[in-house]
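As you go down the protein sequences, you meet chains A and B in turn.
Counting the first sequence from 1 gives a position; the numbering used here is that position plus 4.
Counting the second sequence from 1 gives a position; the numbering used here is that position plus 4.
Just so you know, these hints were derived from the structure itself, not from any lab.
Bear in mind that the values here come from a model prediction, so they are computed numbers and not experimental data.
Accuracy of the hints is not assured; some may be wrong.
No copy labels: a pair is met if it fits in one copy or bridges any two.
What the hints assert, rightly or not - The calculated lysine-lysine pairs, modelled on DSSO-like cross-linking and capped at a C-alpha distance of 27 Å, are:
(1) K411 - K386
(2) K7 - K419
(3) K7 - K107
(4) K414 - K107
(5) K411 - K242
(6) K242 - K295
(7) K295 - K283
(8) K368 - K283
(9) K283 - K242
(10) K295 - K414
(11) K368 - K386
(12) K419 - K242
(13) K414 - K242
(14) K107 - K419
Number of protein chains: 2
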Amino acid sequence: MQKAPVNAIYAQSGGVTSVINASACGVIETARRYQDHIGVVYAGFNGILGVLREELIDTHMETEQTIAALRQTPGGAFGSSRYVLRSPQRDPAAYERLIQVFKAHNIGYFFYNGGNGSADTCEKIASISQSMGYPIQAIHIPKTIDNDIVGTDCCPGFGSVAKYVATATRETGHDIASMASSSTKVFILEVMGRNAGWIAAASALAQQCDSEPPHIILFPEVPFDPDRFVQSVQQAVKQYGYCSVVASEGVCDANGRFLSASDDVDAAGDHQLGGVAPKLSQFIVSRTGLKTHYAVADYLQRAARHMASATDVEQAYQVGVHAVEAAINGVNGAMVSIVRDSDSPYQWHCQTIGLEGIATLERKLPPHFISQDGMHITDDAKRYLQPLIMGEDFGSYDEQGLPAYAKLRKVMVSKSLPPWEPLD
Amino acid sequence: MQKAPVNAIYAQSGGVTSVINASACGVIETARRYQDHIGVVYAGFNGILGVLREELIDTHMETEQTIAALRQTPGGAFGSSRYVLRSPQRDPAAYERLIQVFKAHNIGYFFYNGGNGSADTCEKIASISQSMGYPIQAIHIPKTIDNDIVGTDCCPGFGSVAKYVATATRETGHDIASMASSSTKVFILEVMGRNAGWIAAASALAQQCDSEPPHIILFPEVPFDPDRFVQSVQQAVKQYGYCSVVASEGVCDANGRFLSASDDVDAAGDHQLGGVAPKLSQFIVSRTGLKTHYAVADYLQRAARHMASATDVEQAYQVGVHAVEAAINGVNGAMVSIVRDSDSPYQWHCQTIGLEGIATLERKLPPHFISQDGMHITDDAKRYLQPLIMGEDFGSYDEQGLPAYAKLRKVMVSKSLPPWEPLD
Numbered sequence: 005m006q007k008a009p010v011n012a013i014y015a016q017s018g019g020v021t022s023v024i025n026a027s028a029c030g031v032i033e034t035a036r037r038y039q040d041h042i043g044v045v046y047a048g049f050n051g052i053l054g055v056l057r058e059e060l061i062d063t064h065m066e067t068e069q070t071i072a073a074l075r076q077t078p079g080g081a082f083g084s085s086r087y088v089l090r091s092p093q094r095d096p097a098a099y100e101r102l103i104q105v106f107k108a109h110n111i112g113y114f115f116y117n118g119g120n121g122s123a124d125t126c127e128k129i130a131s132i133s134q135s136m137g138y139p140i141q142a143i144h145i146p147k148t149i150d151n152d153i154v155g156t157d158c159c160p161g162f163g164s165v166a167k168y169v170a171t172a173t174r175e176t177g178h179d180i181a182s183m184a185s186s187s188t189k190v191f192i193l194e195v196m197g198r199n200a201g202w203i204a205a206a207s208a209l210a211q212q213c214d215s216e217p218p219h220i221i222l223f224p225e226v227p228f229d230p231d232r233f234v235q236s237v238q239q240a241v242k243q244y245g246y247c248s249v250v251a252s253e254g255v256c257d258a259n260g261r262f263l264s265a266s267d268d269v270d271a272a273g274d275h276q277l278g279g280v281a282p283k284l285s286q287f288i289v290s291r292t293g294l295k296t297h298y299a300v301a302d303y304l305q306r307a308a309r310h311m312a313s314a315t316d317v318e319q320a321y322q323v324g325v326h327a328v329e330a331a332i333n334g335v336n337g338a339m340v341s342i343v344r345d346s347d348s349p350y351q352w353h354c355q356t357i358g359l360e361g362i363a364t365l366e367r368k369l370p371p372h373f374i375s376q377d378g379m380h381i382t383d384d385a386k387r388y389l390q391p392l393i394m395g396e397d398f399g400s401y402d403e404q405g406l407p408a409y410a411k412l413r414k415v416m417v418s419k420s421l422p423p424w425e426p427l428d
Numbered sequence: 005m006q007k008a009p010v011n012a013i014y015a016q017s018g019g020v021t022s023v024i025n026a027s028a029c030g031v032i033e034t035a036r037r038y039q040d041h042i043g044v045v046y047a048g049f050n051g052i053l054g055v056l057r058e059e060l061i062d063t064h065m066e067t068e069q070t071i072a073a074l075r076q077t078p079g080g081a082f083g084s085s086r087y088v089l090r091s092p093q094r095d096p097a098a099y100e101r102l103i104q105v106f107k108a109h110n111i112g113y114f115f116y117n118g119g120n121g122s123a124d125t126c127e128k129i130a131s132i133s134q135s136m137g138y139p140i141q142a143i144h145i146p147k148t149i150d151n152d153i154v155g156t157d158c159c160p161g162f163g164s165v166a167k168y169v170a171t172a173t174r175e176t177g178h179d180i181a182s183m184a185s186s187s188t189k190v191f192i193l194e195v196m197g198r199n200a201g202w203i204a205a206a207s208a209l210a211q212q213c214d215s216e217p218p219h220i221i222l223f224p225e226v227p228f229d230p231d232r233f234v235q236s237v238q239q240a241v242k243q244y245g246y247c248s249v250v251a252s253e254g255v256c257d258a259n260g261r262f263l264s265a266s267d268d269v270d271a272a273g274d275h276q277l278g279g280v281a282p283k284l285s286q287f288i289v290s291r292t293g294l295k296t297h298y299a300v301a302d303y304l305q306r307a308a309r310h311m312a313s314a315t316d317v318e319q320a321y322q323v324g325v326h327a328v329e330a331a332i333n334g335v336n337g338a339m340v341s342i343v344r345d346s347d348s349p350y351q352w353h354c355q356t357i358g359l360e361g362i363a364t365l366e367r368k369l370p371p372h373f374i375s376q377d378g379m380h381i382t383d384d385a386k387r388y389l390q391p392l393i394m395g396e397d398f399g400s401y402d403e404q405g406l407p408a409y410a411k412l413r414k415v416m417v418s419k420s421l422p423p424w425e426p427l428d
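One chain only, chain A, in its complex shape (with noise of 0.2 Å):
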């Protein structure tokens, strides 16, 4: 006998991605066509935060119109939140909070959108229906620009910012070409990736031939070399009149330090990055007396919406669409991965597969991804990043000339429980 409808929880996790909302259409659509199933979908404001505190958003105030349009939103619509869960052991109080909610609105699948630090925040709540005894069925619905959880072939919101890393680059390219001969000689794209460069080697998809930009990349997974580093961007400029170079943050020295770690250090322990761009870009002049100019995209790259990759947006739809029939099939503690079945034609499908472990591993770019020198990507490389930037999908525009994006009504749900604030 099928169970009467419950309801769902769906919550935003960490750093957002321009794809992360489709995700969310995903979800709320699915839950909708599902209604034996699925009674209402409660959004976290600022994300699990949100559960605790007990502020969730009724996600069925909102139009279908407005739920579509969050498939080409950028951000986070309902806000995310970095807060990582301690262990039952640890926060014994917070689970029981969790319950707490989950019981006052009946609430029966929590759908937890995120990176690593989400998938063992998922897995821990996905224990509870064993250890405490609760009937919740927990999915993890991957989403990071890093590209660097284990267990699925890619991460949606990578390939659009891995699109729109190679689009800036073959852009700014044509710029400094055109302008090398009596201007600027190098150019610094920085982009983020603190620990894997899979953005960064993404740029190399902008070149057709090797005179082409990008002439040099520096991955997190090569230790910087100054020397050589100068060697190649004279060696480019000779042969090609100008040196493209894209850096990933998280470049560090052979001693392993960051190249530009900030003095500021984030809730994490995590040393806040950026600013390796106008390092290198003194280096050079210092090093070469060459001009050069450099960008620091930071948050432009991963809100990016208007250079989303048409096939990162279906893959962030469809994790949601996956993860809501999972859950209803019965999945507990799972993620939602991505399967490629061939690079060319391109073909994929959704599984999922258990959270064990995915929450401790990162996925880094792998040896024979990175060209002998260090310093630029292999073929292997560019056959697995190439699908995953395919297809145009602009989104609409406002009749002010600018990106129309979902405005929520962000109807909140009535609080029955007393206030309640997680631990710092």
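Starting from the known structure of chain A, fit chain B onto it as the hints suggest.
Chain B only, in chain A's frame:
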């Protein structure tokens, strides 16, 4: 009696834009329609330097399709240059050389596509016809992302960078808004604009109400007041949960010193700018402790052809068309300017105006475009800016999912003169 067809030279000057090649397209396509008047259009390889060196690209060796594709190709397809021709008094040899080149290739028209500096050069070349008796007609085609040329309602190149910056402000605003509850509270976007704040001002088009980004705009026209800036940042964070700042690279302190001039000085004696955002970011962190991120858009903004304003592309094309038609009608020593007939519906047309005085003036934001507090724009400014970003012109994409650009053959015209090098 109509004179026999003569040839034309087209040259690009100064920092390139994402639509300068649309002007090239307008010139070449129009010249091809007037073969009774214009034989061949030669393009200076790397601008005026190529003209002086007799390095000329034969545009008639390019197919119609290639010339049409220039309309959607960023950068300067024939190469641009920051080389500034001295006056005929200081460097008479350069003018004698120009006349040699003009004679050698039967040149009757000179189209110079650039900013204030090139208007000056164009005027000098126009004067040759009188002072040195060589019958050349020189027409200036305006181009600059800075929108700082007087005598025209707007400058081709500006509308697209304006659209890019407004879009980036809206997109990154959604990103920060979704993370601010537990992460980054302040985001700073550094944009170009050494002396004029037009580009920074355009970011305000992203804002539909006060709570939306940008919350603070820093202009070169308004001396930076550290205390008021910090107060405003804190006020926005308190009121809206986060603060979005757009800063011109040319922001100055009360003594007129650039907040962030690097030590490098370029050929024109200007300090190379870039680096305001990291400085402001450090400043905010030290004064408020708020978590801050920044992006430096640099070439990303002026190369972003994928985000071009359809209005701007069309204007860039039409100034090229108009230049050729004016030349055929006997105009010399003039600039094509854009005249605004009405704001809404936006209507405009091209005309030519004399070059006298254009080069020496730089159009800054007028005081009535800057809000009372000096950190935003007025409704007058919005009325002016709004039409310039209207319409999307994405260009076409290749089979690899990236923007497709013109690939020129660049067949060089045979030289008939001895080698010659311009003064440094």
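Okay, the hints, checked on the actual structure:
Taking the shortest Cα distances, K411 and K386 sit within 27 Å of each other only across copies (23 Å), while inside one copy they are farther apart (38 Å). Proximity of K7 to K419 under the C-alpha cut-off of 27 Å is restricted to the intra-copy arrangement: shortest distance 25 Å within a copy versus 86 Å between copies. In this homomeric assembly, K7 and K107 come within 27 Å of each other (Cα to Cα) only inside a single copy, at 16 Å, whereas the closest approach across copies is 90 Å. For the homomeric pair K414 and K107, the shortest alpha-carbon distance inside one copy (22 Å) is at most 27 Å, but the shortest distance between copies (72 Å) is not.
With identical chains, the CA atoms of K411 and K242 are at most 27 Å apart between copies only, with a shortest distance of 22 Å across copies and 52 Å within one. In this assembly of identical chains, K242 and K295 lie within 27 Å of each other by CA distance solely inside one copy; the values are 14 Å within and 42 Å between copies. Taking the shortest alpha-carbon separations for K295 and K283, both the intra-copy value of 14 Å and the inter-copy value of 21 Å come in at or below 27 Å. Taking CA atoms no more than 27 Å apart as the test, K368 paired with K283 passes inside one copy only; the shortest distance there is 24 Å, against 32 Å between copies.
Taking the shortest alpha-carbon separations for K283 and K242, only the intra-copy value of 23 Å comes in at or below 27 Å, while the best inter-copy value is 33 Å. Taking the closest pair of Cα atoms, K295 and K414 come within 27 Å of each other only across two copies (26 Å); inside a single copy the shortest separation is 50 Å, beyond that limit. In this homomeric assembly, K368 and K386 come within 27 Å of each other (Cα to Cα) only inside a single copy, at 15 Å, whereas the closest approach across copies is 46 Å. Only between protomers do K419 and K242 lie at most 27 Å apart by alpha-carbon distance; the minimum there is 25 Å, versus 67 Å within a single protomer.
Taking the closest pair of Cα atoms, K414 and K242 come within 27 Å of each other only across two copies (20 Å); inside a single copy the shortest separation is 57 Å, beyond that limit. In this homomeric assembly, K107 and K419 come within 27 Å of each other (Cα to Cα) only inside a single copy, at 12 Å, whereas the closest approach across copies is 85 Å.
Violated hints for the displayed structure: none, as all numbered hints are satisfied.
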